[in-house]
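*Asks:* All chains should be built: construct the whole structure from the sequences, respecting the hints.
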Amino acid sequence: MKDIYVNRKYVIIGLIIVVSLILIIKMFVIQVVEDTYRMSADNNVLRYVTQYPARGLIYDRNGKLVVFNQAAYDLMVIPAQTGKMDTSLFCSDLGITKAILKEKMKSAVTYSRRAPSVFLKQISAETYAKFQEKMFMYPGFYVQPRTLRKYSRPVAAHLLGYVSEADESLIRQDPYYKPGDYIGKLGIEEAYEKELRGTRGVKIFMVDVYSRIKGSYAEGDMDTLAVQGRDIISAIDLDLQEYGERLMQNKTGSIVAIEPGTGEILALVSSPNYDPGLLVGRIRSENFTGLQADTLLPLFNRAFMASYPPGSTFKPINGLIALQEKVIYPSTRFGCDNGYLFVACHSHSSPLDLEGAIMNSCNSYFCQTYRRILENPRYASVSEAYGKWKSYLDEFGFGKKLGSEFVNELPGLIPPPSYFERFYGKNTWKALNVISLAIGQGEIGTTPMQMANMTAAIANRGYFYTPHIVKSIGSGGRIDSAFTTRHKISIDSVNFESVINGMEAAVNGGAGATARIAALQDIIVCGKTGTAENPHGEDHSVFIAFAPRDNPKIAIAVYVENAGFGATYAAPVASLIIEKYLKGEISEANKWQEQRILELNLINKLPAIETEH
Amino acid sequence: MKRSINIWQGIDKISILLFLVLVIMGWFNIYAAVYNEDHKGIFDLSQRYGKQFIWILASLVLAVFIVIIDTRFYFFFAWLIYGGLIFLLMLVLILGKDINGARSWFEFGQVSFQPSEFAKFGTALVLADFLNKRRHELTKLKVIIPSAAIILLPAILTALQPDLGSTVVFFSFFVVLYREGMSPFIFVSGLLMLVLFFFTLLINDIYLEIGIIVIAFLLTWLVTRKWKVFVTGLGIFLFISGALYVLDHFVINSLGNKLVILLSLILSGIAFAYYIYQKKAISVLIIYLFLLGSIIYIDSVDYGYSHLLKPHQRERVEIMLGFKSDPHGTGYNVNQSMISIGSGGMTGKGYLQGTQTKFKFVPAQSTDFIFCTIGEEWGFLGSVTVVGLYLFLLLRLIMLAERQRSVFSRIYGYGVVSILFTHFFINIGMAIGLVPVIGIPLPFLSYGGSSLWGFTILLFIFLRLDASRTEYLV
Ligand SMILES: [Zn+2]
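Protein chains in written order, with this note's numbering: chain A, 1 to 613; chain B, 1 to 474.
These are computed hints drawn from the structure, not numbers from a lab. It is possible that part of the hints are untrue.
[Stated by the list, open to error] Which chain A residues face chain B? A few, computed with CB under 8 Å, are given here: (1) TYR5; (2) LYS9; (3) ILE13; (4) ILE16; (5) VAL18; (6) VAL19.
Backbone N, C-alpha and C define an ideal beta-carbon position, used for all residues, glycine too.
*Replies:* As C-alpha cells, then:
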C-alpha cells in the first residue's frame with residue numbers, strides 16, 4: 001500500500017504558507033505602511049457623527065403635504081473626551097442647573113465612557129447658535145442635528161401615528177436600532193417605518209483633545225451617506241378628514257370612508273382625537289401621559305379597535321345571503337304585526353317585500369328570513385346552516401382582521417357554530433335561540449372599518465379590496481399586492497341589485513323610508529340606518545351608505561355613540577361627508593344640517609364607553 | 001488504567017498547547033472587545049466573556065471525554081453521526097430561528113445551537129471512512145462522485161439557510177480528495193469554477209470571456225512554443241468570430257455577443273481538432289476543453305443569476321459577496337474593521353486601550369470580527385503572532401496526519417487541516433479587506449459556544465486518533 005501521492009503534501013503546505021504570507025503582507029500594508037488607516041493615536045481621536053436621514057414625508061391623495069420635518073439639535077457628550085471647563089458658564093448657556101449637569105454626566109458615564117450619549121435632547125435653535133460658538137471651550141461635547149415631525153394641520157393623529165425614541169427592548173430585538181434612534185409608532189408611521197426611516201450614514205472626523213474637529217478622516221473615504229426616507233402618498237383626502245373631524249367634535253364615535261373601486265381609505269376619524277403635534281419632541285412624554293389619563297380615551301382608535309353589534313345595518317347582508325341561498329326571492333313577502341314573536345317592530349305598511357323591508361327596516365321580515373337561512377332543508381342541521389351563513393360573513397371580512405396596515409385592528413366576533421352548540425346543545429339548538437342575529441344584535445361584534453368595507457363590497461356588487469391607508473410609496477412605488485388583490489364574494493351580482501334597491505329606497509323612498517334625512521339633491525345615496533344596542537347607556541347611532549348608486553365613489557360607515565336611533569345623527573353626518581367629497585362643498589339646502597351637527601354636543605351626557613378588547 | 005495512561009502519553013502536547021494558547025487569547029480579546037466598565041470581572045456571567053469562560057471549561061471537559069472514548073467509536077458511528085447532523089441541517093431550515101433572513105440556529109430559550117458547526121467533523125469522519133478502502137480509486141468517477149456527494153450535501157443544506165460562509169468551508173474538503181489522489185485537473189477545475197463564479201458576477205461577461213480566450217491562447221503558445229500554431233489558431237478563431245459578428249450585426253441581429261463568442265469557439269474547435277488529432281497534442285486539447293467549459297459555465301452562471309434569482313435574492317447575494325455596499329452591512333463593516341486594525345500600527349495601542357472597537361462601530365466584534373480587537377490593541381506584531389500560531393498549528397497537524405499508519409486517520413487529519421485553514425484564511429482575510437465578507441468565526445478565538453465546541457471536537461478526535469496511531473492499522 002504505497003502512498004504514491006505523498007508529495008502532494010508539499011503543494012498543500014506551500015498553499016498554506018503562501019496564504020499566510022499574503023495575510024501578513026496585507027497587514028503590514030494597512031498597519032505599518034499606509035497611514036490612511038493609522039492615526040497619530042497619541043492625541044487624535046476619531047469622532048463618529050451619525051448622519052440621521054430625514055424621515056420620509058407624508059402626502060394626502062391630492063398631493064397636499066400632511067407630515068414634514070423640522071430641524072432639532074441634540075447635545076451629545078463623550079465622557080472620555082471631556083476635560084476642564086467652566087461649568088457655571090456651561091450651565092448658564094444651556095439654562096440648566098449644576099445638579100442637572102451632574103446627573104446627566106453620571107448617566108452618560110454609566111452608558112459608556114467612550115461612546116457618545118445624548119446629554120440634552122432637542123435644544124432650541126438659539127441655544128444651539130450660542131453653544132456652537134463656544135464649542136471649543138467644552139471638550140467632549142458636540143451637537144448632533146436631528147429632525148422632528150411637524151404637521152400641516154392638527155388632524156389625522158390616529159391614522160398617522162407618531163414617532164418616538166426606540167426603547168430598550170426594541171433595540172435588543174432589532175439590531176438596526178441604536179439608542180437615541182426614532183421609530184414610528186402606530187398608524188402610517190409604524191406600518192411604513194422601513195420605507196419612511198431611510199438609512200443612517202456616518203461621518204468620521206478627527207478631533208483633537210480640545211474637541212476641535214481637525215478635518216475629515218481619510219478624506220471622507222470611510223464615510224457613508226445618509227439616505228433620506230421614502231415619501232408616502234397616503235390614500236386619505238386631507239380636506240375630507242379635517243371635515244369629518246370637525247363634524248365629530250364633541251361626540252364620541254368614528255367615521256370610515258372608503259373608495260370602493262380601490263379599497264383606499266379616504267378618511268378615518270375617531271373621536272375624540274388629539275392634535276398630532278402634541279406627541280412631538282420634548283413635550284411628547286408629558287402630553288402622552290395626559291392623553292392616556294383622559295377618560296374619553298382620545299388615544300383609542302374607535303374606527304378599528306372598537307367592536308359593536310352592527311344592529312340593523314346588518315339587514316342588507318342577511319338579505320343577500322338569503323337570496324343567494326334561495327330561501328327568499330326579492331318578491332318574497334312577510335307580514336309584520338309590530339313584531340315577530342319576542343322581537344318588536346315599529347308600525348309600517350304590511351306585508352313587505354325585500355326592498356320594502358330594507359326601506360322600512362322591518363325586524364319581522366328579517367327574523368323570518370333568518371329562520372329560513374338557518375332552517376334551510378338543504379343542510380342537515382341548524383349548525384351546518386349557521387356554518388354556511390358564517391362562511392359568507394367570512395368572505396365579507398367579518399370575525400377576522402381585515403388585513404389593513406393597522407396591526408392593532410380588532411377581528412370583531414362572529415361565533416362559530418360550536419359556541420351555540422355548547423350553549424343550547426349540539427342537536428337541540430334552534431334558529432330561535434339566535435334570532436336576534438337577524439337584526440344584527442346579540443353575540444356578534446363588528447368594527448366600523450369592517451362595516452365600511454361591507455358597504456364597499458355592496459357598492460361594488462360583490463367584491464372588495466382590503467382597506468388600506470397608503471396609495472403609493474415614493475413616486476410610483478407599488479404597495480403590497482395584498483391591497484391590489486380583488487376579493488370576490490360568492491354572491492351573484494343580481495342579488496346585490498335587489499338589496500341596493502332597498503338601500504336606495506331607504507334614503508330616497510316615500511312614506512316609511514327610514515333614512516330620508518340622508519338624501520341629497522342630485523346624488524343618489526344608498527344607505528341603511530342602524531342602532532347598536534348599548535347596555536350601558538343610550539344606544540349608538542349607526543349609518544352605512546355609498547354614493548352615487550351607479551359607479552360609486554365613496555362607501556362610508558358612521559358611528560355616533562350614545563346618540564340613539566341611526567337616522568338622528570349618524571345618517572346626516574354620512575350625508576354631509578358624501579356631499580363634501582363628491583361636490584367639494586355643502587349645498588345651501590344642507591347647511592342647516594351641517595350647523596345642527598357641528599353644534600351638537602354629546603360629550604356631557606356620556607357614561608363610560610363600552611368596548612371589546 | 002494502563003491503556004489510558006498510554007493515551008495521555010501519546011497525545012500530541014504541542015497541538016494541545018497551541019489549542020490552549022488560542023482559546024485563552026480568544027477569551028482575553030473577547031473581554032477587550034465587549035469591555036464594559038460596569039462589568040469589570042472577566043468572569044461576569046451576564047457578559048460575553050463570562051459566558052465564553054463557561055464554554056471554554058465545557059470544551060475542555062468535552063476534549064477529555066473525546067480522548068477517553070475508544071477510537072473504534074468513531075469508525076462505527078461515523079455514518080450515524082453524519083446522518084444525524086444532516087438531519088439537523090434539514091430540520092434547522094424549518095424550525096430554525098430566522099435571524100436577518102437566515103435560518104442557521106436552533107433556539108431553546110436562552111441556549112442557541114448552530115448545527116453547521118458540528119456537521120464539519122461529521123463530514124470529515126464519513127469522508128475518512130468512505131475513502132479508507134477506496135482511495136486508490138480516486139481517479140475514477142465512481143469514487144469521486146460519491147465523495148463529492150458527501151461534501152456537497154451539507155454544503156447545499158447550509159447554502160439554503162443561507163449561510164454562505166459554511167458552504168464555502170465545506171468545499172474546502174476537496175483539498176482532502178486532492179491529497180488522496182483526485183486528479184489535480186478536477187481540483188483546479190473546481191477552484192476555477194469558484195473563481196469564475198465570482199468574476200462572472202463582478203465583471204462584464206464579454207470582457208471576462210475575451211480575457212479567458214486571450215489567456216488560453218497564451219497558454220497554448222507556452223505549451224507548444226510554436227509561433228505558427230499560435231498564429232494560425234488565433235487567425236482561425238478571429239476569422240470565424242469576425243464573420244459571425246458581422247453576420248449577426250447586419251443580418252441576423254439576434255444572437256448577441258456572448259452567443260457569437262460561444263459559436264465561434266465551437267466552430268474553431270472543429271478546425272483545431274484536425275491539428276490536435278494529427279499531432280496528438282493532448283495539452284492543446286485540455287486547454288481547449290477548459291476554455292470551452294469556462295465559457296459555457298460563465299454563460300450558465302450569468303443566465304441562472306439574472307433569470308432564476310429574484311431581484312431581492314440577487315441583492316442579498318451581492319451584499320453577501322461584498323460587491324454591493326450596504327451602507328450598514330458588509331462594506332461598512334470592512335471599512336470600520338480596517339480602521340480598527342490599521343490604527344493599531346506596529347505595536348498596537350495596548351490591551352484594553354483600543355478606542356475604535358470600543359465605539360461599538362464594528363459589528364460582530366466578538367464573533368466574526370474578533371481579529372479587529374487583536375489588530376488594534378496588539379498591532380502588527382500581535383497580528384503576525386496570531387497568524388504564526390495558526391500556521392504553526394496547521395503545519396503541525398499536517399505533520400501528524402502524514403505520520404499516521406491508518407489511512408482513516410490521515411484523511412480525517414487532512415479534513416481538520418482544510419477546515420481550520422479555510423476558517424483562518426477567510427476570517428482574517430475579510431477583517432483586513434482581502435476576502436469578501438462571508439461571516440465565519442476564527443477557530444478557537446471567536447465568541448460562541450457552537451463554534452468553539454465544533455472546533456474542539458474536530459481537533460480532539462484527530463489528536464485521539466493520532467495518540468493511538470500504533471494500535472490499529474485500519
Ligand atoms: Zn316590521
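*Asks:* It remains to establish, for every hint, whether it holds in the given structure.
*Replies:* Here is how each hint holds up against the structure:
1. TYR5: 5 Å, holds
2. LYS9: Holds: closest Cβ of chain B sits about 6 Å from A/LYS9, inside 8 Å.
3. ILE13: 6 Å, holds
4. ILE16: OK, holds: A/ILE16 within 8 Å of chain B, min 5 Å.
5. VAL18: 11 Å, violated
6. VAL19: 5 Å, holds
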